[in-house]
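Here the protein sequences line up with chains W and Z, keeping their order. Start counting the first sequence at 1; every next residue gets the next number (this note's numbering). Start counting the second sequence at 1; every next residue gets the next number (this note's numbering).
Keep in mind that the hints are not guaranteed to be accurate.
Derived pair list, reagent style EDC-like, types lysine to aspartate or glutamate, alpha-carbon separation capped at 20 Å [to be verified]:
1. W:Lys97 / W:Asp121
2. W:Lys90 / Z:Glu90
3. W:Lys45 / W:Glu101
4. W:Lys90 / Z:Glu92
5. W:Lys90 / W:Asp42
6. W:Lys90 / W:Glu101
7. W:Lys93 / Z:Asp44
8. W:Lys93 / Z:Glu92
9. Z:Lys88 / W:Asp121
Incomplete in silico selection of chain W near chain Z, CB under 10 Å [to be verified]:
10. Met1
11. Glu14
12. Leu77
13. Ile91
14. Ser100
15. Ser110
16. Ile111
17. Thr112
18. Leu113
19. Val122
20. Tyr128
21. His130
Output of the computed footprint for chain W on chain Z, the stretches with three or more beta carbons under 8 Å from beta carbons of chain W [stated by the list, open to error]:
22. 38 to 47
23. 64 to 73
24. 77 to 88
Note that these hints are calculated values from the structure, not bench results. All C-beta atoms in this analysis are idealised placements derived from N, C-alpha and C, irrespective of residue type, glycine included.
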Amino acid sequence: MPILLFLLWLIFNERVTVDVLIIGLIVVAAVCLICRKIGIWDPQKDIKTLSKIPGMIGFVLRLVLEVFKANIHMIALVLSANPNERIHPKIVKHYTKIQSEGGRVALANSITLTPGTVTVDVADDYVYVHAIDEYAEEGLSHSVLEEKIERMEDNV
Amino acid sequence: MEQIRFLLGTIFILAGLFVFGIATLGLFRFRYVLNRVHVAAKCDSLASLLVCVGLMFYAGNLGSILKLLLVVILIWLSNPVASHLVCKIEVETNKEIEKECEVER
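Construct all of the structure, not just a fragment, from the sequences and the given hints.
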């Protein structure tokens, strides 16, 4: 987390000079100390997260690909002659094996990001998903993204 | 080199605007809230990515590129949350939801 914060500071500043570096170091140290005190940052957890970075990069790349594919389908749907007859909106209950809270949030967000499906509600072991047609529903039931999140969890 | 960058940026921004246009058209072509959310919120995620990538080609220096990357990350994190809330409220307050779509319990 300190590294991320420091990078963010550098991005906002757009230049690397001594005064920028010094102010950044002081502020980052203060923020980390406060977070440590009130217990929302744990250095041990950060080290565990490091091992998941390759999985995360793969996940993001795959997510962008899925967004592209689903968007093309969506555009075709909008441009078709009678879109209201071609869709079959349905609310599906989708069971998931993902345990951690962060993983479920990632799953819900990626479901919503891919067009054709919107997460309506998240519960303990399933998510309610509104799918616009059969194509979207099918993509949901065997999604690569979910497997990737599961694999990331196993690494913990 | 300069021309190639300009051309690539323009292509990406035009593609993004095209997707934005489709999203707006879709808003009017679908009939019910939950169907409209799909196009309204989701095509935006692709379109904003395309526009930001186009702007990255224009920008040229590393600082601006990274800032635009932050913009994309922020949009991709907040967009699903916003559309999820719209859907949740619609599903929970609409008593006649069964008329609009099948519901699995």
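Okay, the hints, checked on the actual structure:
1. W:Lys97 / W:Asp121: 16 Å, holds
2. W:Lys90 / Z:Glu90: With a Cα-Cα distance of about 14 Å, the restraint between lysine 90 of chain W and glutamate 90 of chain Z holds, given a limit of 20 Å.
3. W:Lys45 / W:Glu101: Since the Cα atoms of lysine 45 of chain W and glutamate 101 of chain W sit roughly 14 Å apart, the hinted pair holds (cutoff 20 Å).
4. W:Lys90 / Z:Glu92: 15 Å, holds
5. W:Lys90 / W:Asp42: Roughly 42 Å between the alpha carbons, so the hint for lysine 90 of chain W and aspartate 42 of chain W is violated.
6. W:Lys90 / W:Glu101: With Cα atoms ~26 Å apart, lysine 90 of chain W and glutamate 101 of chain W exceed 20 Å; violated.
7. W:Lys93 / Z:Asp44: This hinted pair is violated, its Cα atoms lying about 26 Å apart.
8. W:Lys93 / Z:Glu92: 15 Å, holds
9. Z:Lys88 / W:Asp121: It holds: about 7 Å lies between the C-alpha atoms, which stays within 20 Å.
10. Met1: Because about 16 Å separates methionine 1 of chain W from the closest Cβ in chain Z, which is outside the 10 Å limit, the hint is violated.
11. Glu14: Given a least distance of 3 Å, the restraint on glutamate 14 of chain W holds.
12. Leu77: 8 Å, holds
13. Ile91: Hint holds; isoleucine 91 of chain W Cβ to chain Z Cβ min 5 Å, cut 10 Å.
14. Ser100: 18 Å, violated
15. Ser110: Holds, because the Cβ-Cβ distance from serine 110 of chain W to chain Z comes to roughly 8 Å (cut-off 10 Å).
16. Ile111: OK, holds: isoleucine 111 of chain W within 10 Å of chain Z, min 8 Å.
17. Thr112: 4 Å, holds
18. Leu113: This interface hint holds because 5 Å falls under the 10 Å limit.
19. Val122: Holds, because the Cβ-Cβ distance from valine 122 of chain W to chain Z comes to roughly 9 Å (cut-off 10 Å).
20. Tyr128: 8 Å, holds
21. His130: 5 Å, holds
22. 38 to 47: holds (count 7)
23. 64 to 73: holds (count 4)
24. 77 to 88: As far as the region 77 to 88 of chain Z goes, the hint holds, because 8 residues have Cβ atoms under 8 Å from chain W.
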